[in-house]
Amino acid sequence: MRCFSIVVPTLNEGPGIKQTLTSLASWRRDGHEVIVVDGGSQDETVACATPLVDCVVESERGRARQMNAGAARAKGDVLLFLHADTSLPDEAQTLIVSKISAQRPWGRFDVRLSGSQKMFRVIERLMNWRSCLTGIATGDQGIFVLRSRFEALGGFPDQPLMEDIELSKRLKKQARPICIHIPLITSSRRWEQRGIFTTILLMWRLRLLYWLGVDANKLARLYR
Numbered sequence: 001m002r003c004f005s006i007v008v009p010t011l012n013e014g015p016g017i018k019q020t021l022t023s024l025a026s027w028r029r030d031g032h033e034v035i036v037v038d039g040g041s042q043d044e045t046v047a048c049a050t051p052l053v054d055c056v057v058e059s060e061r062g063r064a065r066q067m068n069a070g071a072a073r074a075k076g077d078v079l080l081f082l083h084a085d086t087s088l089p090d091e092a093q094t095l096i097v098s099k100i101s102a103q104r105p106w107g108r109f110d111v112r113l114s115g116s117q118k119m120f121r122v123i124e125r126l127m128n129w130r131s132c133l134t135g136i137a138t139g140d141q142g143i144f145v146l147r148s149r150f151e152a153l154g155g156f157p158d159q160p161l162m163e164d165i166e167l168s169k170r171l172k173k174q175a176r177p178i179c180i181h182i183p184l185i186t187s188s189r190r191w192e193q194r195g196i197f198t199t200i201l202l203m204w205r206l207r208l209l210y211w212l213g214v215d216a217n218k219l220a221r222l223y224r
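Under our numbering, residues 1 to 224 are what the sequence shown spells out, in order.
Think of the hints as simulated: they come from the structure by calculation, not from any bench. Model, not experiment: these values are computed from the prediction. All C-beta atoms, glycine included, are put in the ideal place defined by N, C-alpha and C. Hints should not be assumed to be uniformly reliable.
Unchecked claim - The calculated SDA-like cross-link candidates involving lysine to any residue, where the alpha carbons are at most 25 angstroms apart (straight line), are:
#	residue 1	residue 2
1	K18	E192
2	K18	S59
3	K99	G135
4	K169	D77
5	K18	V46
What the hints assert, rightly or not - So the derived label-pair ranges between C-beta atoms look like this:
#	residue 1	residue 2	range
6	L201	S148	37 to 43 angstroms
7	N217	A25	37 to 43 angstroms
8	P51	L212	44 to 50 angstroms
9	D158	E44	24 to 30 angstroms
Make the full structure from the sequences, and use the hints.
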């Protein structure tokens with residue numbers, strides 16, 4: 001039987017972290033572990049998370065560093081990296097177990113955005129289509145990977161942005177990802193706060209610049 005370690009990086013996620021972690025209670029009842037890695041929250045994130053997880057790890061801020069810190073504490077043979085504003089489908093555990101193997105050691109879910117605007121349905125389709133076509137996954141899609149393979153690659157690269165893209169590129173050299181088409185649900189707040197089209201253009205620009213070789217530290221400043 002596969003044993004999972006779900007790693008959730010957090011930074012000031014107090015308002016919504018309970019919902020995410022409560023949705024993972026069934027995983028813990030099945031013997032899997034949930035690890036929250038906090039990057040220095042100034043709100044009630046840690047207090048809210050502590051009774052709902054197996055371990056809270058304090059880490060340097062930065063999603064890559066936080067997820068690597070969580071992976072270092074993990075005991076499971078499958079790592080699942082989940083954003084703090086994201087909920088897995090009920091069938092997630094069964095679907096991963098049925099597909100993951102030494103020959104196909106990693107994968108991701110399709111994504112559905114929480115917002116009701118019609119434009120979000122278009123964004124979802126484009127995200128899922130692009131990921132299937134390119135074999136590249138983003139953190140929004142709940143990347144899962146055999147821990148042995150993750151460790152062999154040295155984990156997430158120590159960079160402030162595009163760490164998920166870079167890990168995907170390295171994993172893809174070994175095998176194309178498992179694409180689970182039953183979607184997880186992730187918050188649309190990024191698009192709602194910044195504006196849908198502004199966010200789309202920003203993300204396209206950042207990915208293009210990264211593909212052209214622009215340093216991730218410079219891209220992080222542009223993103224902020």
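Can you give the numbers of the hints that this structure goes against, from lowest to highest?
-> No hint contradicted; all consistent.
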